[in-house]
Amino acid sequence: MTDRDVHLPVAAQPTIDSIVDYARTAEDGGYDCAWLPETWGRDGVTVLSAMAERTEEIDIGSSILNTYSRSPALLGQTAATLQELSEGRFRLGLGPSGPVVIENWHGVEFGNPLKRTRETVEIVREVLSGETVDYDGDDFELSGFRLRCDPPETKPPIEVTGMGPKAVELAGRFADGWHGIMLTPDGMDERIADIERGADLGDRDPSDVQVTAGVTVCALDDPDEARALARQHVGFYVGGMGTFYRDALERQGYDEATEIYDAWQDGDREHALELVDENILDDLCAAGSPETAREQLERYEAVDGLDAIAVSFPRGADEDQVRETMKAVAPEN
Numbered sequence: 001m002t003d004r005d006v007h008l009p010v011a012a013q014p015t016i017d018s019i020v021d022y023a024r025t026a027e028d029g030g031y032d033c034a035w036l037p038e039t040w041g042r043d044g045v046t047v048l049s050a051m052a053e054r055t056e057e058i059d060i061g062s063s064i065l066n067t068y069s070r071s072p073a074l075l076g077q078t079a080a081t082l083q084e085l086s087e088g089r090f091r092l093g094l095g096p097s098g099p100v101v102i103e104n105w106h107g108v109e110f111g112n113p114l115k116r117t118r119e120t121v122e123i124v125r126e127v128l129s130g131e132t133v134d135y136d137g138d139d140f141e142l143s144g145f146r147l148r149c150d151p152p153e154t155k156p157p158i159e160v161t162g163m164g165p166k167a168v169e170l171a172g173r174f175a176d177g178w179h180g181i182m183l184t185p186d187g188m189d190e191r192i193a194d195i196e197r198g199a200d201l202g203d204r205d206p207s208d209v210q211v212t213a214g215v216t217v218c219a220l221d222d223p224d225e226a227r228a229l230a231r232q233h234v235g236f237y238v239g240g241m242g243t244f245y246r247d248a249l250e251r252q253g254y255d256e257a258t259e260i261y262d263a264w265q266d267g268d269r270e271h272a273l274e275l276v277d278e279n280i281l282d283d284l285c286a287a288g289s290p291e292t293a294r295e296q297l298e299r300y301e302a303v304d305g306l307d308a309i310a311v312s313f314p315r316g317a318d319e320d321q322v323r324e325t326m327k328a329v330a331p332e333n
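Residue numbers (the UniProt record's numbering): 1 to 333.
Among the clues, some could well be false.
Straight-line C-alpha distance at most 30 Å; calculated DSSO-like pairs for lysine-lysine [what the hints assert, rightly or not]: (1) 115 to 166; (2) 155 to 115; (3) 166 to 155.
To be clear, the hints were calculated from the coordinates, so they are not data collected in a lab.
Let the hints inform the model, and build the full structure from the sequences given.
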């Protein structure tokens, strides 16, 4: 059975309490994990700490902490601490993000993201072992670091992101899980094949890699409003968030991705949104009435090798629309 997770919204949330309350609502609704992104608002670790203290059963995870703004040793400390605070419910999501975020926001050079992610995962695992870390890699050289607290008895899984085939293959080789977004059900099939190839290269069982698909969901009594919000979300990600999502859409056969990107970059956002047609919305999102959204999510549940669906929300959705959607597609609905 496919797990049902929730990817909590962070944009324009009024308080930390409001974000934590989403997590508690997800727990009450039977969701398996509440994932929290870290973008340009509140830092993820502080909010995850509040979530850990105020929930009891639901897993909590970072999706994602980037591999540039924190050192691998600090990420290991953070994972150990949140695993202790949550009493074993933490999942560490890591990823390189992209040059727009890393270079423009953090002022750090964005170079060789796949190697950096792999080395970060390896170092975090060494930190969580409780042994002294002596690591000699291409991006990182560490010596003498060791936790001065008991390492977690149960190690938190380390899950990574990645958009391209090579990144996903590497996840299959070394990570405990992989998260994909901006993927149709057919696109997920292709990326799961990359996971399986990577697992084979790493002499691993593909079932050891937890595969999670982030799906934009908007389930409202007003289906037109739900689809308008989803369309704006897709247009923003494809047109305004660097080239990763444009390229991911192109790899899945949507040549109009370049047109969407170009129109958005030229400032013609109205035309960009027009190019996000009904077929793209139906293929990428679960948006419309509650019944329609639930039916569209079933297409992802039918993908062989997909372990979890992470319900995410359009960036323009308000608090009432987020809650309406969360309840409409909750596992216990």
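Taking 30 Å as the top limit, are the C-alpha atoms of residue 115 and residue 166 close enough?
-> holds, 11 Å
Has the given pair, residue 166 with residue 155, been kept, meaning a C-alpha gap of at most 30 Å?
-> holds, 26 Å
Holds or violated: are the alpha carbons of residue 155 and residue 115 at most 30 Å from each other?
-> Holds - the C-alpha atoms of residue 115 and residue 155 are around 23 Å apart, at most 30 Å.
The structure shown violates none of the earlier numbered hints.
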